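Residue numbers (our numbering), protein chains in the order written: chain A, 1 to 107; chain B, 1 to 621.
By construction, these hints were calculated from the structure, which means they are not laboratory data. If you're wondering where the values come from, they're calculated on a predicted model, not measured in any experiment. Just so you know, not all the hints are guaranteed correct.
Unchecked claim - Calculated cross-link-like contacts (lysine-lysine; reagent style BS3-like; alpha-carbon spacing at most 30 Å):
1) A:K89 x B:K45
2) B:K249 x B:K269
3) B:K217 x A:K22
Unchecked claim - Computed list of chain A residues with no C-beta within reach of chain B, every gap over 10 Å:
4) P50
5) V54
6) G59
To be verified - If the Cβ cut is set under 10 Å, some of the chain A residues that face chain B in the computed set are:
7) V13
8) K15
9) G21
10) G23
11) G29
12) D46
13) E82
14) G83
15) L84
16) G87
By construction, the Cβ of each residue, glycine as well, lies at the ideal position given by its N, Cα and C atoms.
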Amino acid sequence: MTISITAKAAERVEKYLKNRGKGVGLRLGVKTTGCSGMAYTLEFVDDTLPEDQVFESHGIKIMVDPKSLTYIDGTELDFEKEGLNEGFKFNNPNVKAECGCGESFTV
Amino acid sequence: MALLQIAEPGQSTLPHQHKLSIGIDLGTTNSLVATVQSGLPTILKDKDDHVLIPSVVHYGKNITHVGHDALPFLLTDAKNTIVSVKRFMGQSLNHIQYKDALPYEFDETSQDIQLKTEQGIKHPIEVSADILKKLKTMAEVSLCGEVTAAVITVPAYFDDTQRQATKDAAKLAGLNVLRLINEPTAAAVAYGLDQKKEGTFIIYDLGGGTFDISILKLHQGVFEVLATNGHPHLGGDDFDQAIAEMIKKTCSLNQLNHEDKRSLIMEAKKIKESLSTHPDVTAKFTLSNGKDIVFTLNRDTFILETNDLVQKTIQPIKRALSDAKLPITSIDGVVMVGGATRMPHIQSEIKTFFKQEPLNNLNPDEVVALGASRQAHTLAGNKSDQDLLLLDVTPLSLGIETMGGLVEKIIHRNSTIPVAKAQEFTTFKDGQTAMSIHVLQGERERVSDCRSLANFTLTDIPPMVAGSAKIRVAFQIDADGLLSVSARELSTNKETSVTVKPSYGLSEEQMIHMLTQSFENAEEDKKIRALSEAKIEGEQIITAVQNALHKDGKHLLTQDEIKDIQNAIYTLSSSLKESDADLIIGLTKNLNALTESFASKLMDQSVGNALKGKSIDKVNL
Chain A
1 MTISITAKAA ERVEKYLKNR GKGVGLRLGV KTTGCSGMAY TLEFVDDTLP
51 EDQVFESHGI KIMVDPKSLT YIDGTELDFE KEGLNEGFKF NNPNVKAECG
101 CGESFTV
Chain B
1 MALLQIAEPG QSTLPHQHKL SIGIDLGTTN SLVATVQSGL PTILKDKDDH
51 VLIPSVVHYG KNITHVGHDA LPFLLTDAKN TIVSVKRFMG QSLNHIQYKD
101 ALPYEFDETS QDIQLKTEQG IKHPIEVSAD ILKKLKTMAE VSLCGEVTAA
151 VITVPAYFDD TQRQATKDAA KLAGLNVLRL INEPTAAAVA YGLDQKKEGT
201 FIIYDLGGGT FDISILKLHQ GVFEVLATNG HPHLGGDDFD QAIAEMIKKT
251 CSLNQLNHED KRSLIMEAKK IKESLSTHPD VTAKFTLSNG KDIVFTLNRD
301 TFILETNDLV QKTIQPIKRA LSDAKLPITS IDGVVMVGGA TRMPHIQSEI
351 KTFFKQEPLN NLNPDEVVAL GASRQAHTLA GNKSDQDLLL LDVTPLSLGI
401 ETMGGLVEKI IHRNSTIPVA KAQEFTTFKD GQTAMSIHVL QGERERVSDC
451 RSLANFTLTD IPPMVAGSAK IRVAFQIDAD GLLSVSAREL STNKETSVTV
501 KPSYGLSEEQ MIHMLTQSFE NAEEDKKIRA LSEAKIEGEQ IITAVQNALH
551 KDGKHLLTQD EIKDIQNAIY TLSSSLKESD ADLIIGLTKN LNALTESFAS
601 KLMDQSVGNA LKGKSIDKVN L
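Assemble the whole structure, with the sequences as input and the hints as a guide.
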């Protein structure tokens, strides 16, 4: 079981956490919804939950609940620029199909 | 795949439902647009990496240019190129100063400002809308999505007409404006001053062509504008002009054509900007006649030559302080806004004047837009409740009418909005199937002393014994001050609701009148409330006892007991016609005591009935 984050993404997360002034890390997860089954969630973490699996990559703590982990195991979180837009991207090896916009997926 | 931003814990949105919100600083000279990304307010750029979009619109024959694209037309087609339209917003034609000095052609037949352009008559609202459209498109290209909500900033001194004109422009541009906020408030929010509980702050805003001073008081998370002052024609441009004059004098330049005047100003601007970081600057440029100009200026000379301009900004500060009746020492923070505040002698002058370091670590050009984006982000519902920015309060309490003509307050006055509160109510009569919800505003206890806002009826309540139905009445005020009231019967989940705008048609004076009335009549109101409540309780117990007597009195009580109870009912019900709360309360207690044994017999009987005919192991104890 592993979840990782690229150096570029880690740098951003650190900046955002610092600006926010609180938070212990990042939560990656999935929600069952969307046009293609599942959707990713990306949130700041203030409190770690007892059931959380905690990963550390490039100095950033990543919390994942066990249910989500089965869908995103092996994922690497990256930060990318597409034209003027920039944001985080899940590179998830489990994905079989994505909806057109890529916000939801099936495994 | 789509790029994601980090949400607050538990605030992740569903796909395709991200609430893209923007903050817009709609400036006189330049405009900016910002958004919050992963919790961080960020200024958005256009495709050429521009951050400041000139508030300039050119109306060509078949095409409209906005921003940088419109700049070249300032010289070639001044009549159709509108600058500083913000000065026209919500104004009528006779309010425009130096009208003849402006290059525009006005429609003199109308009191409204109507600009005659190549594309026909343009109203300032339309011009403003074209700027907003440009900013909206810029944000949508940059964020790859539809902007659902915006907060636009306006000067603190804007009156209702000017604010309404700004709102109309936004509507025309297809923007959903969550709220207009004052520019100084936005600057304070950008510095996180709203996170403090209390404080008095000065916002020193020296822009390109305008100077504004605002004194804000933060009280329980709400910013109040205590005083504003300023100068409508003072800004960074005047410092450029001063340097241009120095160049003209030093290099003996007298007759200059339009083009040279323009390049002189451009060079002066560059010199001014580099003097903020360098002690001396040398500019070299060539005039249209081929003459080479070399000009050197050191910071000390610049400071000396422009000191009168800096002093011009101190007077309005003094006036604002005296208007607000505040000594300099009561100022807890000074926020610097506008590109011109980068000049070191302005920074040091302000520091000396207020005897404290001004807040200047954010980009002074961007601070207003950044604050607006934070506000938009929160109002669009992207943050958790405890992080809500509190910028507005309900001026009067809101509630519903209950039995006896009393008002039960659900949202109290001075509650910060947005707010949602709910309370459970019940039926008053056995078998009651409908409930009338009368929504009221005011501080008084009696319905007749409050202002009626709305009336609706919740029907289809299943018939039950009085007091056993549960009706949940929920009040919600959104960020725009819109109140919605809903009533739901909890066993059937049937719901009825109504929406009202509480402040509609209520002037400041009326509001104050309603408030003072409530203070003056507090004692009387309290008595009225006590009496009314006592009467209701008395009536309720009489009904309950009469029902029980009718059903079970004969076989559970003796003749004498029934007689005593009936006497007590009679004296209580006659006291209900009088206005002595204490007497009613005493008689109610008396009736209660008399019927105590009756009540316990009733209880035994119903338990007995429930157990009758059942074997002991079938009874759930």
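Structure-inconsistent hints, enumerated in ascending order
none
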